Structures are given as C-alpha cells and as structure tokens.
Amino acid sequence: MTYLAKELVQTGCEVHVAYLHGGPNLKRLEETGATLHAVKALGNYDPLILARLLTTIREVNPDVVQCWLLQMEVLGGLASMLTRTPWVFTERSSEQAYPASFKARLRLRMGLMATVIVPNSEGGERYWREQARGDVRCRVIRNGLPLEEIDGAPRATIEEAGIGPGERLVLNAGRLGPEKNLEAFVRAIRLIIARYPARAICCGDGPLRQRVAELVAEMGLSDRIRMVGYAPNLWSFMKRADVTVSVSWFEGTPNVVLEAMACGCPLVVSDIAAHRELLDEQAAILVDPRDPQGIADAIGEVLGDPEAAANRARVARDRVERYSMSAIAREYADLYQELAASRERRLTRVVL
161 MTYLAKELVQ TGCEVHVAYL HGGPNLKRLE ETGATLHAVK ALGNYDPLIL
211 ARLLTTIREV NPDVVQCWLL QMEVLGGLAS MLTRTPWVFT ERSSEQAYPA
261 SFKARLRLRM GLMATVIVPN SEGGERYWRE QARGDVRCRV IRNGLPLEEI
311 DGAPRATIEE AGIGPGERLV LNAGRLGPEK NLEAFVRAIR LIIARYPARA
361 ICCGDGPLRQ RVAELVAEMG LSDRIRMVGY APNLWSFMKR ADVTVSVSWF
411 EGTPNVVLEA MACGCPLVVS DIAAHRELLD EQAAILVDPR DPQGIADAIG
461 EVLGDPEAAA NRARVARDRV ERYSMSAIAR EYADLYQELA ASRERRLTRV
511 VL
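Positions 161 to 512 (my numbering) are the ones given, in order, by the sequence shown.
Derived by calculation from the structure, the hints in this document are not laboratory data. Do not take every clue at face value.
Stated by the list, open to error - In the EDC-like style, the derived pairs of lysine to aspartate or glutamate whose C-alpha atoms are separated by at most 20 angstroms in a straight line are: (1) LYS166 - GLU309; (2) LYS166 - GLU190; (3) LYS263 - ASP206; (4) LYS187 - ASP206; (5) LYS200 - GLU190; (6) LYS166 - GLU320; (7) LYS187 - ASP365; (8) LYS399 - GLU308; (9) LYS399 - GLU290; (10) LYS399 - GLU320; (11) LYS399 - GLU481; (12) LYS263 - GLU290; (13) LYS166 - GLU191; (14) LYS166 - GLU481; (15) LYS399 - ASP311; (16) LYS399 - GLU419; (17) LYS166 - GLU308; (18) LYS200 - GLU219; (19) LYS399 - ASP465.
None of these values were measured; they are calculated from a predicted model.
With the hints as constraints, model all of the structure from the sequences given.
What follows is the structure, given as structure tokens:
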C-alpha cells in the first residue's frame, strides 16, 4: 500500500490514507506525499471507528476508496457504501487463509458487495469467483516492487549477517504464522548443517514467533538459526544469502519471493499454486512442503552447485521486471479511472 501511495502521488493523484495504528512502515508512508488521517480508536472494536471513517470520507470526497485487510474491508467498505463511493476490496491471499468463522463469513459478505475485488493472484480470483458463482467483478493486479530502490540496497556484510568466513547463509522471511510452515524450515536447517557449514536467519514477526524460538532451542539450533524480527534491511540480507527458502502452505502473491527474485537470490519454494504463478524449475527449486528432508536436499543442491543456482536466479530476476511498482500503479490508476468515470468524474482523489 505504501509503495502504491508513493507512485500514485508521483503521477499527480491526490492520495489520502486512513489508518488506525502505526508500525515499522509508518515513516515510509509519511514520506510518500500522501495525506494521512490517523483514526483515533480505543481498540479494534471501537464503534466510533465507523463514524470517524464516515467523517473522513465525507470531508475528502474521494473518487475511489480502496480497503486493505480485514478490519477496513468491513468498516471501510461499509463507510464507502454509506457515502455512495465506489470501493475496491483487496484480496491478499487465497482460499486456504479463510477457515470457517464468523469473521470470514462477514468478510465474504462485504467483499461480494464491493464495486470491484482486486486479488493479487489467480488463486485469489478463483476463490471469489467460486464464492460468487461467477457473478462478481474481479481484476487481478499483482503486488509491485520498488525495483530501483531494491537495486540500490547494499549487500550485508558477513558481520551484519552473523556468519563466519566460509559459512553459507540460508534466509527465511515473512509473517511468523501457521501458513509459513516454519517447523519444516527449522527441521530442514537441522539436516543441512550436518552437511554444510551454514547458518540461517529468520526475519519477521507474528503470532508464532515464540513457538518458533522454542522449537529452535529444543533442537539445539540457537547458535545456527538467528531470529531477527522485523528486518528493515531485508534486501541487504537477501543479497548476502546463498538461498532464500519459502515453504508456505499457501500464499497470494508472496512479497518475500518477489523480493528475493529482485535481489538475485536463489530460491527454494514450496510447490504450491501461488509459487507456480511466478516460478518454474528454470527459475527456482520447488519442493514438497510436507517433507523437511526434501527441503534440506533442495537447499543442499543450491549450496552444492552455486553456478546452476545463479543461473536460476538470473531467470527469476528477468521475470520480476513486470512487477515494477510503476507498472502496477498504472494498472491500479486505470482501474480507479474506470470507477471514477462511472460517476462521470475525472479521477483526482483516492483514499487507501
């Protein structure tokens, strides 16, 4: 969202962002040139959130509202409908992310009332078409990357990476949740260090961080797997790493995989539909996410044949060019213009 806001501002669009909480990317968001609206709330279920969103939308009078993530997909969508503003529902994952629950049913109901749904993957599009039995407006727009910024990131030193001379670096990054299959990753690292002088870095935060740290300790890997939390220098780590490993059970369009592709880092990824949309055997090694031994063997193949790994990484890097943030922003701007035109207005303001 922050990358998109910056690109839209640079094209001359007036962008407003309404948010509840800050986070590690707030400073980056503040530097985009978008107008920020901090929505005050006592908690995530504060009923005044809806009233304050209504006030913001009425004051800004946008041509389009785009809603991101569950809370705003419900409250932001409702505020948009009450103000009769076209709104975009953004699908960031795929069907497996939504087990039966009240929140999932509420989200589904709201999505089906959106002006348009924008999944970032073909899997996300299939999910909504199946739920709506085909009677839904969907347009797939992938995640975008600031490729020039990534190209300019320095390579981490061995001291920053925490590796010694001659040691190899294995990287895992992402939200530490059950979908990321982190137990299989940890078990694969235990197998690979028996064959190679290697260390691993696990970047990211999430609900399973404590459990993963406990598993690392239980397996005697505390000196081999470093958990660094949110890593603002992730691209530098990727440029130092010998391999990035992502063995998720499911994804939408995985940012970490795209970023590793942009950094020229060899990839070992789970053989799932979301990864197949981006990669094949010419660009990465695809593995069964249920098989730690197979994951370890794939990591070993990368470490044992760096020339072949570099060739795959070059193929992957060539493919990521289509996901430049400028190209993705143009797709969004075209969609916004269509929605604005339906109200006989020229696109000038967007609320994200």
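Structure-based check of all given hints:
1. LYS166 - GLU309: Holds. LYS166 to GLU309 sits at ~13 angstroms (cutoff 20 angstroms).
2. LYS166 - GLU190: It holds: about 10 angstroms lies between the C-alpha atoms, which stays within 20 angstroms.
3. LYS263 - ASP206: holds, 16 angstroms
4. LYS187 - ASP206: Roughly 25 angstroms separates the two Cα atoms, so the pair is violated.
5. LYS200 - GLU190: holds, 17 angstroms
6. LYS166 - GLU320: The given pair, whose Cα atoms are some 29 angstroms apart, is violated under the 20 angstroms limit.
7. LYS187 - ASP365: holds, 19 angstroms
8. LYS399 - GLU308: holds, 14 angstroms
9. LYS399 - GLU290: Violated. LYS399 to GLU290 sits at ~40 angstroms, over the 20 angstroms cutoff.
10. LYS399 - GLU320: Holds, at about 12 angstroms.
11. LYS399 - GLU481: holds, 17 angstroms
12. LYS263 - GLU290: At roughly 19 angstroms apart (the allowed maximum being 20 angstroms), GLU290 and LYS263 satisfy the hint.
13. LYS166 - GLU191: At roughly 8 angstroms apart (the allowed maximum being 20 angstroms), GLU191 and LYS166 satisfy the hint.
14. LYS166 - GLU481: At roughly 19 angstroms apart (the allowed maximum being 20 angstroms), GLU481 and LYS166 satisfy the hint.
15. LYS399 - ASP311: holds, 10 angstroms
16. LYS399 - GLU419: holds, 10 angstroms
17. LYS166 - GLU308: holds, 14 angstroms
18. LYS200 - GLU219: holds, 16 angstroms
19. LYS399 - ASP465: holds, 18 angstroms
In summary, the structure is inconsistent with hints 4, 6, 9 from the numbered list given earlier, while agreeing with the others.
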